[in-house]
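2 protein chains.
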Amino acid sequence: MNPKSIKEYKKLYNSQRKIVEEKISKIFVAREPRSLYEPSAYLLKSGGKRLRPLLVLLSAKAVGAKFSSAYNAALAVELLHNFTLVHDDIMDNADKRRGRLTLHKKYDTNTAIIAGDSLLSIAYEFLLKDCNGNAKKILETFNRGLIEVCEGQSLDKEFETRNKVTLNEYLEMIRKKTAAMAEMCCSVGAQLAGGSKSEIKALEDYGRNIGIAFQIQDDLLDITADEAEFGKVVGGDLIEGKKTFLFIKAFEKAKNDDKRALFEVVLNKGIKKHQVEEYKQIYERLGVLTDAKNSISKYTEAAVCSLKKLPRKEDIEIFQWIAYSLIERIK
Amino acid sequence: MNPKSIKEYKKLYNSQRKIVEEKISKIFVAREPRSLYEPSAYLLKSGGKRLRPLLVLLSAKAVGAKFSSAYNAALAVELLHNFTLVHDDIMDNADKRRGRLTLHKKYDTNTAIIAGDSLLSIAYEFLLKDCNGNAKKILETFNRGLIEVCEGQSLDKEFETRNKVTLNEYLEMIRKKTAAMAEMCCSVGAQLAGGSKSEIKALEDYGRNIGIAFQIQDDLLDITADEAEFGKVVGGDLIEGKKTFLFIKAFEKAKNDDKRALFEVVLNKGIKKHQVEEYKQIYERLGVLTDAKNSISKYTEAAVCSLKKLPRKEDIEIFQWIAYSLIERIK
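Chains as they are written, first to last, in the numbering used here: chain A, 1 to 331; chain B, 332 to 662.
To be clear, the hints were calculated from the coordinates, so they are not data collected in a lab. Hints may be right or wrong, so weigh each one.
[Unchecked claim] Here are the computed lysine to any residue pairs in the SDA-like style, where the Cα-Cα straight-line distance is at most 25 Å:
| # | chain 1 | residue 1 | chain 2 | residue 2 |
| --- | --- | --- | --- | --- |
| 1 | A | LYS105 | B | GLU489 |
| 2 | B | LYS437 | A | MET91 |
| 3 | B | LYS436 | B | TYR373 |
| 4 | A | LYS136 | B | ALA361 |
| 5 | A | LYS129 | B | LYS468 |
The model shown is predicted, which means the values in this text are computed figures rather than measured ones.
Pulled out of the complex, with its shape left as it was, chain A reads as follows (with noise of 0.2 Å):
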């Protein structure tokens, strides 16, 4: 790609972000009562990459629609988006999102259980509205990323009180708790504009591979960003005792006082902040973090292989970008 075309598509990318920003902005406005939309609209106000609605304009003008066609459904992803979020944040004790208060700290857990509930009830509201003829289809695509979102949600907290888990496990809880969605997202774009099944097949596949890329890409960071441009602590999944990509690859991988510090980990269900030094070393001296590169490359690369079925160069390129993108994230 030459650097004309990334500036083009970075446009494109935050005009239409632009758009769905001012559209979210005026989905709680009119609501009542205010008690339940007021708390959904300061959490949608928070921000964030949009990347879930842009990923359904795009797969949709990718099959040949006009982005106009798949507005409600675009909000309808980030409302789902918000649901997942709020509701983990309470599972999870978060305090802070993105640098605001989470909903259940700024409110309490009832109004963020409530918000959450009519979050996802709005999401189905948004998306009928761009159904036309093949809403069973789109709504069933919709609901089972839905239905995977929540098993990988509980995955991700069954790990947590286990003592072993294996990598392809971890693989298919991220695919369900992060991967689902994306995939979800292309999908839904490209059928609400009446892509063929190969399209549609080949914006899922791309979806799901960036999801896990970047699922993977975020254990990583957590032990090598900056912290500073990271915005949290690096090492928390250490320190929380999370059975991330590099834990687990490290754990396979880990022999005599390699193994013994790992096992510590979970024993203590966590280290202390002045550990993670030690053991980021660990992880070094194993190679988990090449092993993790390596990883992250090759489900971005299925992702940009999948996108040759589709038509038109430029729209083979955004998603390209966007792929790269994420992967070149530093927090």
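Using the hints, position chain B against chain A.
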């Protein structure tokens, strides 16, 4: 209605309820992960009248369809209902439901949040199975029911913190929190079966009106029930300081000492158990128990009256029997 017919209606209700029960017991058997679906299976096993799925089935039958065309939709509304129960129980910090531990008490709050979320996703999955051709309209109806339930629950919580709630506000709250779901069940059943506009409206009116009657009856039973038969503490709503039909009506009518006594309930956010009898006497003195009975009759009559638009006497009568059974219940 003659006693022979009533016996027939009971038999039909119970035979269909048994089929629904069997289908419910199979929903979660083959689903993974078990950490997500076992809690849901536990919740759904707790029995109950299964009124909502029966409303779907009987509405479908009333406009000429076979029960078999609507079983998945019937399961969908029961799943949706249980989703609301599990999240409501967290919000109300309830320990027990139907004599068994609530989900967040048997497991934990995180498990109950995610189980509730996934119940909703599976509700949509089942509903979609029965939608053919008219998916968009049916999903809109189902989803509107969900939105109103969320709004109603939110209003209910909001009312707890307010000093004053008018009777109209209260009626709008229970219309959303309780009646919207019964209305939706009847509407979905009738729509699935291809009912005419006037049949759909007749059944929606029936569902909404029995829903409102049901909730006022709930408020009335709280103070008039026999504690042994009721299975709950009589006067629980007063103890918790809930703004029920009785309380709001009494507050509107009361003067001087009675008004002061009622205002104490608001200020202290409830009363002691030993004060229940005193407040029951205030209610009796002000005639609000009679007001409630009159209101229940009014909504029940409106429900029964709307049935006239249905073509067959036997369908009208079974709905009548349900309406009258609901207001004759003792718990």
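For each hint, the structure was consulted:
no.: 1; hint: A:LYS105 x B:GLU489; in the structure: holds (18 Å)
no.: 2; hint: B:LYS437 x A:MET91; in the structure: holds (17 Å)
no.: 3; hint: B:LYS436 x B:TYR373; in the structure: holds (12 Å)
no.: 4; hint: A:LYS136 x B:ALA361; in the structure: holds (24 Å)
no.: 5; hint: A:LYS129 x B:LYS468; in the structure: holds (11 Å)
In terms of the numbered hints stated before, the structure departs from none.
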